[in-house]
Amino acid sequence: MSDPIIKIQNMNKWFGDFQVLKKINLEVEANKKIVVCGPSGSGKSTLIRCINRLEEHQEGDIIVDGNELSEKTKDIEKIRAEVGMVFQQFNLFPHLSILDNCTLAPIWVKKMPKKEAQELALDQLKKVQIDDQANKFPGQLSGGQQQRCAIARALCMQPKIMLFDEPTSALDPEMIKEVLDAMVSLAKGGMTMIVVTHEMGFAKEVADEVIFMDEGMIIEKADTKEFFANPKSDRTKLFLSQIL
Amino acid sequence: MQTFNFLKPNRDNIKNYSIIGSFLVLVSLIDVISNAFLKINLTSFLPGSLTTLFPLIIGLIGLNMMRIDYSGNKTLDLLNKNINTNNFNALLTLLILFSIIKALPQSLSWMIFDATISGESKDACTGTGACWTYIKVWFRRFMYGMYPNEFHWRINTAFILVIALGFVGYFMKENLKKYLALYYVIIYPVIAYLVIYYLISGGSFGLQWVETGAWGGLSLTFIVSFFCLIFCFPLGMIFALGRRSNLPIIKYISICYIEFWRGVPLITVLFMSSVMFPMFLPEDFFMDKLVRVIIAITLFEAAYCAEVIRGGLQSLPRGQYDAAKSLGMGYWKMHIFVILPQALKLVIPGIANTFLALVKDTPLIFVVGLAELAGMLALAKTNPKWLGFAMEGYIFASIVFWIICYAMSKYSYNLEAKYKTER
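Sequence order for the protein chains is A and B.
Its first residue numbered 133, the first sequence is counted upward by one per residue in this note's numbering.
Its first residue numbered 341, the second sequence is counted upward by one per residue in this note's numbering.
Keep in mind that the hints were calculated from the coordinates and are not lab data.
Hints may contain errors.
20 Å max Cα-Cα, derived PhoX-like pairs, lysine-lysine [stated by the list, open to error]:
no., chain 1, residue 1, chain 2, residue 2
1, B, K665, A, K292
2, A, K243, A, K259
3, B, K760, A, K268
Now the in silico label distances, taken between C-beta atoms and shown as ranges [to be verified]:
no., chain 1, residue 1, chain 2, residue 2, range
4, A, G271, B, K750, 51 to 61 Å
5, A, G271, B, W742, 32 to 42 Å
6, B, R658, A, N199, 22 to 32 Å
7, A, K243, B, Y524, 16 to 26 Å
8, B, Q654, A, K242, 24 to 34 Å
9, A, D264, B, Y538, 50 to 60 Å
10, B, R658, A, K243, 21 to 31 Å
Beta carbons: idealized from backbone N, C-alpha and C, even for Gly.
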């Protein structure tokens, strides 16, 4: 077994008095695809936001690619540059064109020459099939196109890990497929992915492991087949019976 | 059977009704116009007060006859929707229209037909109208203050240079574009300062020294506004970011700064800068009064700018911060490339507001003895040779200020339109 790329040990997090995450233990090996599911308010999003320190945890350790995340972490930007993230609301920069959205971070964070960054961006946009929209602005694109652009933007940083925070929840049913397709082909390319989603079809297709969370705890963690075939806890069974 | 109502049109007879209605409104307007301009009372055959009310009544009936929910005629519908929704609105419309017509001949004859513009002294103004001769004679003073006449070219050249330098940004080469902000925030003000210092103040290159006490008029308005505007904006930006900082020291310094300057009136700040401030300085340290005043106004307005910009920062969704952070951007990169471009775009109307207020606040510097345009007016109207022309002066100043401010607000609308992107 190789060293895990993400290692979370006994992590606790509070929002004020409310404990959102309780005793989280999680190890993710490189190139593995993890799907996190669970009812809303169960702390799924908070968990993956902790992995690139958009949220700070109060107790326990989070180690990403050999770097421990804590207040003492100096180069948090460097770690974040290695961890791409896709959001539920796309969060594209509305004042920049699609191409500029993708080249901004490579140019200014990675100091990539502009030309090289543009080639890379067009390449990534082509992979998600919106290279023909490169000069439009986010407001002119459909939700599905915007989300695919957001995926391309994250990939332009050539991250080691990709985090997806409910990437299809804000989309029309018709657009969900195009985004999922982009994610499937990314998964087949061997990216390490942690995906918070309710798309169980996607989970069955690509996930190596599925994690079920409720009330801030990891209730169940199992291989995908195992998870869907015979879930162990009653809570998981109830959840699956409602969602499938 | 349809009940017949004399004053209520329906869709079938609206054509006839609108013709009769507009004819009646026309009659009322003709009556008022002839009354105001030609001093002929067309309705003198009517008894007493009815004569004055006649146009109003006729006009009301006319508008009433034209009122219909939907006629299909674009002009008529527009009229009905905006000024003829009910009898009260129709009355207000007519009253406003009539007042304007009544006031027009008098003001026109005062401002134009009976006005004087020829001559070189007060004696030329014998008519009943305005005395524009006063403005003409004093024009150079209103523009340049007490600055010696033979050196006015220096002010003009300096302004042209400064304006030309302001356009440099438009012609910058693509690969220099990234230094644009640096240019406008730091280099441009410094160059502008040097240009104004060496050309208008003089003292070297064979130019005679003219002390700032002699500066004045509209050119002083421009100089004060210009420096205050370009300095207060970046300063305000810094304090807006400071107030939202996570570092407590920076945050509380910013809050104290903003609350202090917003809490004191500008006029006391000006007095402090010109009277009190020099007392705290070492004796051999000299700072020109104009510079002190500009610094004071800048610091004052920066606090307002800061709050306006903070409003823009506040209105950005948290997702923008998240996205920028997740791409590995640090605080400054995130703000420079993602947050500020969007926030500043949102606050263009607010910033324009603050800037307009600033320009219109510059006349306050008269209280510390600097006579810009309004200040020169105050001096001119107390000149014993030219007593009694305050009205002309203030009308002139109002027009000048209106032109400047209108240009600024137009420019801000253009900027808004230029940077408008869909969300």
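Status of the hints after comparison with the structure:
Taking the CA atoms of K665 of chain B and K292 of chain A, the gap is about 16 Å. The hint holds against a cut of 20 Å. Our distance criterion of 20 Å between C-alpha atoms is broken by K243 of chain A and K259 of chain A, whose separation comes to about 23 Å. For the proposed pair K760 of chain B and K268 of chain A, the alpha carbon gap of about 14 Å is at most 20 Å, so the pair holds. G271 of chain A and K750 of chain B have their C-beta atoms about 26 Å apart, which leaves the hinted 51 to 61 Å range violated.
Range check, G271 of chain A to W742 of chain B: about 36 Å between beta-carbon atoms, so the 32 to 42 Å window is met. Here the CB-CB span from R658 of chain B to N199 of chain A is close to 25 Å, well matched to the stated 22 to 32 Å. Take K243 of chain A and Y524 of chain B: their Cβ atoms lie about 25 Å apart, and the range 16 to 26 Å holds. Distance hint check for Q654 of chain B and K242 of chain A: the Cβ-Cβ separation is about 31 Å, which falls inside the suggested range of 24 to 34 Å.
Between D264 of chain A and Y538 of chain B the Cβ separation comes to about 55 Å, which falls inside the hinted range of 50 to 60 Å. Checked against the given bound of 21 to 31 Å, the beta carbons of R658 of chain B and K243 of chain A, roughly 28 Å apart, stay inside it.
In summary, the structure is inconsistent with hints 2 and 4 from the numbered list given earlier, while agreeing with the others.
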